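Please arrange chain F on chain P, whose structure you already have, making use of the hints.
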Amino acid sequence: MLCDICKKNEATIHIKEIHDGKVKSTNLCASCAAEKEKNGGLDALGFNLGEMLLNLGSLAAGKTEAAAIEPDSGKTVPVPAAVLPPCPVCGWTVEKIGQSGGRLGCPACYKAFTPLINEVLTRVQRGLVHIGKRPRNAAGGDVAVLTFEVGEAKRELQEHISREEYELAAVCRDRIRQLQARLDESRQGGGENGQH
Amino acid sequence: MDSIDKLMRSPVSFLADAGPDEDIAISSRIRLARNLAGRPFPDAASDEVLHEICDKVGAAASESGALGCPGCFSFVPELMGELDREILFERRLASRDFLNRKCGTRLLVRSDESSSIMVNEEDHLRMQTLKPGFQLKAVWEAINQLDDELSNRLEYAFDEKLGYLTSCPTNVGTGMRASVMLHLPGLVLSGLIGATIQGVNKLNLAVRGISGEGSDNRGNLFQISNQSTLGQSEMQIIDRLESVIVQIIEHEKLSRRKLLERDKYGFFDWVGRSYGILRYSYKLTGEEALNALSGLRTGVDLHMFTKVNVRMVNELFRSIAPAHLQKQAGRELSPVERDITRATLCREKLAGR
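Chains as they are written, first to last, in the numbering used here: chain P, 1 to 196; chain F, 197 to 549.
Chain P extracted, bound-state conformation:
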């Protein structure tokens, strides 16, 4: 399906809204969706986000129905047309989040309001899964950190090779070997996770 705006790129973002029984569907490619977001003024993103959450909140409250994209499968799934209960940890509600300009109450809000968060992330982010740095004391500890670092170094190695920077590539290759050795060691070491 092509994007409704540029009619050139494949639409990857599908928004369906049902108002008074009428279905309105919008299909956008990532760049047009970003552009659309921008026309609302990205400087005021926090504000828009708050409003958007409020709207989504009313959707969730059953006044209208909406469909969100499931991040794992990419399928469109209906947002449950029921009132989302407040966050069990901090007690914040969808309405409260809307009023605070799209800010959440606590880390647990991400779980409590998953359908809304996914909808927001689909609109404002370039992906739905974190592939960057991990804290040293997160679950998985050194193994996870080192796995990430090896991945990054391998990517860097490919870049040096493609730019024919062979000396830098050699340095990078040595670093990968060292990281890999440390990773193997950590894996054998088992539960050690660098926590203090």
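Since the hints were made in silico from the structure, they are not lab data. Computed from a predicted structure; not experimentally measured. Treat the hints with caution; some may be incorrect.
[Unchecked claim] Going by beta-carbon spacing under 10 Å, a handful of chain P positions derived as facing chain F:
#, residue
1, Val89
2, Trp92
3, Gly101
4, Val124
5, Gln125
6, His130
7, Ile131
8, Gly132
9, Phe148
10, Val150
11, Glu152
12, Glu156
We treat Cβ as the ideally placed atom computed from N, Cα and C, and that holds for glycine.
Below, chain F without anything else, positioned relative to chain P:
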């Protein structure tokens, strides 16, 4: 709590040191948003929790020696006078949102101001690192190390899938905002800046003026930064931002060359008049001074002056800001008094006094 005067007396790394591409790139900055696990975000936290977080972050910094602590500066903005708080804003160490908070805030600053942490802004920790010129990778190395030092002692709110959890979902994932401040008089004078900004926006990067507002082009200064924080690694975000900035710098150089080819005297005239305004005025508004400083900086890049250098211009950019002027004068100044003081400062600086 340390005094603002002490902070203002110590040398500032990003103003004093040379950086790559410093003729066009003023500074490179990265900030990371982090939160402590199992604690409400600042907007939802009680005063008690906010103070507990200040203490925890302060202790983690001292124990790890991050920011050169305990030799770092520590400020409690809610206990400071308005003028002193404004100094922190003008020095880009604190945001307005942070300074407007009534309770439980703390600001930790490395003595050369190259790195700092706002505790309890929108997130529990907002750390930043700043270096002169265009060098995002070096900035990343520095802030990555700072983050590691702290994360050995603090348990961050982190989710396997979503990464670092932040108060606002627009920052979730890496929690990283990388930006470069660029001086783009060539693109502005040749009327290409609008198209450039549009192009950059299409790449999902943000362009803001010196004050952080999109519409502000005072001093021909523009800050380019990433928007999205999830779905790409820190290095991918930085690589992408860097490749765009390399192109903007090229286009700026090309525009300046073309302006010189097409209307050399027009271009020189702008620089000369800018110098004249700064050297001989008796009343200067902030906007007038910023625009004239842009001309002066361009003249320095073109080697038109023997006694003015980039560092002097950078220093002036900072010292003409309202709070800095008033701090220097030792009292509150009316807007007219500020314009007079600003002009005096510029005249004396350019006269070599």
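Consistency of the hints with the structure:
At a threshold of 10 Å, the smallest CB-CB gap from Val89 of chain P to chain F is about 8 Å, leaving the interface hint in force. Using the Cβ-Cβ criterion of 10 Å, the hint placing Trp92 of chain P at the interface with chain F is satisfied: the shortest such distance is roughly 6 Å. The beta carbon of Gly101 of chain P comes within 8 Å of a beta carbon in chain F, closer than 10 Å, and the hint placing it at the interface holds. For Val124 of chain P, the interface hint holds, since its Cβ comes within 10 Å of a Cβ in chain F; the closest pair sits about 5 Å apart.
Evaluation of the Gln125 of chain P hint against chain F yields a held restraint, the C-beta minimum of about 4 Å falling below 10 Å. Hint status for His130 of chain P: holds, given a least beta-carbon distance of 3 Å to chain F, under 10 Å. About 5 Å separates the beta-carbon of Ile131 of chain P from the nearest beta-carbon of chain F, less than 10 Å, and the hint is met. The restraint placing Gly132 of chain P at the interface with chain F holds, with a minimum CB-CB distance near 4 Å, inside the 10 Å limit.
Given the 10 Å rule on beta carbons, the hint for Phe148 of chain P holds: about 8 Å separates it from the nearest Cβ of chain F. With 10 Å as the threshold, the beta carbon of Val150 of chain P stays out of range of chain F, its nearest partner Cβ sitting at about 13 Å, so the hint is violated. Interface hint status for Glu152 of chain P: upheld, as the beta-carbon distance to the closest one in chain F is roughly 6 Å, under 10 Å. A distance limit of 10 Å between C-beta atoms decides the matter here; for Glu156 of chain P the minimum to chain F is near 8 Å, and the interface restraint holds.
Going through the hint list in order, the structure does not satisfy hint 10, though it satisfies all others.
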